[in-house]
Amino acid sequence: MIRALVVDDELHAREEMVALLVETGAIEVVGSCGNGIDALKLINRLRPEVLFLDIQMPVVNGFELLNMVAGELMPHVVFVTAYDQYSLKAFEEKTLDYLLKPVDPDRLAKTVAKLQRTIGEKRRPVYQAEEIRRIPCLFGNRIKLIDLNLVECIATTVAGVHAATADAEYFTEVTLKVLEERTPLLRCHKQYLVNLDCIGEIVLLEAGRAKIVTRSGKNIPVSRRFLKLIKKKLLI
Amino acid sequence: MDLLTFSLHNIFALLQQMSVFLVIAYLFTKSPFFGSFRSHNLRPRQLLVLYLVFSAFSILGTYFGLHVKDAIANTRAIGAVLAGIVGGPLLGGAVGLTAGLHRLSLGGFTALACGISTTAEGLIGGLVHLYLVRTYRQDRLLNPAVAFFTTLVAEIVQMVIIVLVSRPVDEAVALVRIIALPMILANSCGAAIFVSIIRDQRKMYDELSVTFSAKALKMAERTVAILGRGLDNETAQEVAFVIREETGVGAVAITDREKVLAFVGQGDDHHIVGSPISSSQVRKAISEERIVYADGGEKKWRCSLSKTCPLGSVLSVPLRVDNELVGTINLFEPKNKIFRITNRTLGEGITKLLSDQLLYARYIEQKNLLTVAELKLVRAQINPHFLFNALNTIIAILRKDADRARDLLKHLSNFLRKNIKRTGDLATLEEELNHVNSYLVIEKARFEDRLQLEMDIDPGLLSLQLPVFTLQPIVENAIKHGISTLLGQGVIRLSACREEGLARITVEDNAGNFIDRGSTGLGLGIIERRMKNYCGNDRGLEISCVPQCRTTVSITIPDKGGEGR
Chain L
1 MIRALVVDDE LHAREEMVAL LVETGAIEVV GSCGNGIDAL KLINRLRPEV
51 LFLDIQMPVV NGFELLNMVA GELMPHVVFV TAYDQYSLKA FEEKTLDYLL
101 KPVDPDRLAK TVAKLQRTIG EKRRPVYQAE EIRRIPCLFG NRIKLIDLNL
151 VECIATTVAG VHAATADAEY FTEVTLKVLE ERTPLLRCHK QYLVNLDCIG
201 EIVLLEAGRA KIVTRSGKNI PVSRRFLKLI KKKLLI
Chain Z
1001 MDLLTFSLHN IFALLQQMSV FLVIAYLFTK SPFFGSFRSH NLRPRQLLVL
1051 YLVFSAFSIL GTYFGLHVKD AIANTRAIGA VLAGIVGGPL LGGAVGLTAG
1101 LHRLSLGGFT ALACGISTTA EGLIGGLVHL YLVRTYRQDR LLNPAVAFFT
1151 TLVAEIVQMV IIVLVSRPVD EAVALVRIIA LPMILANSCG AAIFVSIIRD
1201 QRKMYDELSV TFSAKALKMA ERTVAILGRG LDNETAQEVA FVIREETGVG
1251 AVAITDREKV LAFVGQGDDH HIVGSPISSS QVRKAISEER IVYADGGEKK
1301 WRCSLSKTCP LGSVLSVPLR VDNELVGTIN LFEPKNKIFR ITNRTLGEGI
1351 TKLLSDQLLY ARYIEQKNLL TVAELKLVRA QINPHFLFNA LNTIIAILRK
1401 DADRARDLLK HLSNFLRKNI KRTGDLATLE EELNHVNSYL VIEKARFEDR
1451 LQLEMDIDPG LLSLQLPVFT LQPIVENAIK HGISTLLGQG VIRLSACREE
1501 GLARITVEDN AGNFIDRGST GLGLGIIERR MKNYCGNDRG LEISCVPQCR
1551 TTVSITIPDK GGEGR
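Taken in order, these protein sequences are the chains called L and Z. Just so you know, the numbering used here puts 90 at position 90 of the first sequence, and the rest follows in order with no gaps. Throughout, the numbering used here is defined as the position within the second sequence, counted from one, plus 1000.
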């Protein structure tokens, strides 16, 4: 059985997709959700092998979601859309397949066959993530997209990953590693990324450590192994 | 020879010189320089021309002068004084100084006095100019009486200067006794006559241009309306008739690129409408895209169709629409008549005007086509996203609730039928709401809890007329760009109410996600234009957006039902 996650913002469309997948007998639907943030959470937690993904969703669309998935967790992707306005053929190399709504069971059977073949051959998903420009963060019960220029630093604690701007702190589902890979933010500590444009000063401490004071006055620790790198980047 | 005889002799001699002078003045009014002759608000270029002209007159006055006792009795003052009157102190002074310096160079015991006095005379003329302009009597600038008296005073001043400046004094006094009367009279009369010549010529010019403009305007007025209907045999015939009647030429022909569309006037027995263009001149006008003129003199026009054709000259003007040559307008005169320049100008002018009119007609036609096409577009614009999502939703619901699915299909078919079937430009609010309702029932099923609908419609407005397909695109916009971008609960509020003699229909969503897409996107742009077409330019869409909070789109329509009560 192939473990699948269904992501679609419309309730009935989601349920229909789940029902159709169950009917194939080859897919185990491990979860379903209605937006990109929940999807990211479920991918991180459930590690599905394949994602049946609607493209048009509120706040974070299908493409943006994929950009935030960590490389090693990236599932195979089947785009599901009502109308092919994105010319999905163009994404054929990047994704496993795409389906048009309403989904024809016969067509779905072909997709499943392809999936079985691909997974049987242990081929890795080839979706190439692009640079992240805005970080989706939880803000009360809303999702806010924080522009990368405003982010001073990212910190990971036991509570999760936080993006700090000059005047607020937001919780995000995107991992530190993904942000390090797909944004210009720079690693300065095992638990911290920093925005070079926001560095106010670097204070050197004993034992080769240092701390960064941001423009807004936040203190960010810099560990020994990353200090050199940062100095190099800043041409010191 | 006593003083009086000498004086009289001088008067006649000077008057004789003056006549020659006036003939030259008359010729000046016939020259192209006269075109720039105005009496106030002169531009630098015109001032320069006037300076040269009047300086020439003034210097001529010196040369035509009569040698008396090592001095020159002359009409130099006319140029200087008139320059002052016409162009002000600067021009008068400049002309006076130029003529004065010239006089100075000729020598004689009064040379210096004459030099000074001519400049002074120019300035006197200039002072009169200033006085008349400041007292808002510019119309008197070209008054012979003003010229006469100004010159009179100026000449008296000159005599005084001669007596004061020239040495020896007794010789100066003797000279002035001889030349004073003739010079004062001759110059004053000369100036007055000069001015009256100028004035008459100006009047003639003005009258000519008035009749000319009147004729052109009348012809324009009569032809422009006709060509508003485009260029075909019928309109061409009417236009040709008008042009012939207004210009009085022998015949008028209008052609397209290949054949004769209309022929009115002499020779219409053998110049047949519908036949191909036979005249080489007209063909030349088309192939070379330029005006071809055969004046009947050196370049004759010969009819290639009939030896007995009375026509002998032609003006063939290409008719263009948007740089594309569509035909020609041709004016003919018979062999025994001269082609008048005014008719030539009129013919060229009217063709230009008609070209513009044809362009305008084409523009209107295209605009109408566009409106029709746009309506078709709105009609055909069933968003494929909506349609496939609707079908997908219904298929999903079919698994769980067949009755609801059946109901949704009925709404979908109602929506589609309305989209395809509704004809005409107007619909009642009730019909629009019916259309919107079917749409919303389906969208509600798609979004379920994420979409909440609130309606507040004044029942008295249900028969209100508005352009068909106005409401649904606005609601669709609110869902597509508003509700569907929300993670949480979306609300659409649809209201229609009366407001100060107007009916206001409002669609509001709680997303506040409106982005101005240039002309508010294709859909809303079309609605806006159609609203303006229907209700006038001050009506349209009012869009307001509080980001993250709400977007409100409202339309106002004159509430005719309300007025009737």
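Calculated from the structure, these hints are not laboratory results. Keep in mind that this is a model prediction, so the values were computed, not measured. Errors might be hidden in some of the hints.
As the list claims (entries may be wrong) - Part of the chain Z face toward chain L, derived, beta carbon under 7 Å: (1) P1384; (2) I1397; (3) Q1452; (4) E1454.
Stated by the list, open to error - When the alpha-carbon atoms are kept at most 20 Å apart in a straight line, the in silico SDA-like pairs for lysine to any residue are as follows: (5) Z/K1299 to Z/R1362; (6) L/K144 to Z/C1549; (7) L/K144 to Z/C1545.
As the list claims (entries may be wrong) - Some chain L residues near chain Z, calculated using beta-carbon distances under 7 Å: (8) E15; (9) P58; (10) A82.
Glycine included, C-beta positions come from ideal geometry on N, C-alpha and C.
Inset, instruction - Could you grab the alpha-carbon distance between L/K144 and Z/C1545 and see if it respects the 20 Å cut-off? - result: Distance of about 19 Å is within 20 Å: holds.
Legend entry - Interface restraint verdict for Z/I1397 against chain L (beta-carbon cut-off 7 Å): holds (6 Å)
Inset, instruction - For the hint on Z/E1454, just tell me whether its beta-carbon gets within less than 7 Å of chain L. - result: Violated - the Cβ of Z/E1454 stays beyond 7 Å from chain L, reaching only about 21 Å at its closest.
Inset, instruction - Classify the hint on L/P58 as holds or violated, based on whether any CB of chain Z lies nearer than 7 Å to its CB. - result: holds (5 Å)
Legend entry - Restraint outcome when Z/P1384 is required to lie within 7 Å of chain L by C-beta distance: Status holds, d = 4 Å.
Legend entry - Given pair status - Z/R1362, Z/K1299, alpha carbons within 20 Å: Measuring from Cα to Cα gives roughly 36 Å; hence the hint is violated.
Legend entry - Pair hint L/K144 and Z/C1549, alpha-carbon separation not exceeding 20 Å: holds (14 Å)
Legend entry - Hint check: 7 Å Cβ-Cβ cutoff, L/A82 to chain Z: L/A82 check passes; min Cβ-Cβ to chain Z is 4 Å, inside 7 Å.
Legend entry - Satisfaction of the L/E15 interface hint, Cβ to chain Z closer than 7 Å: For L/E15, the interface hint holds, since the closest Cβ of chain Z sits about 6 Å away, which is under 7 Å.
Legend entry - Minimum beta-carbon distance criterion (7 Å), Z/Q1452 to chain L: violated (15 Å)
In terms of the numbered hints stated before, the structure departs from hints 3, 4 and 5, listed from lowest to highest.
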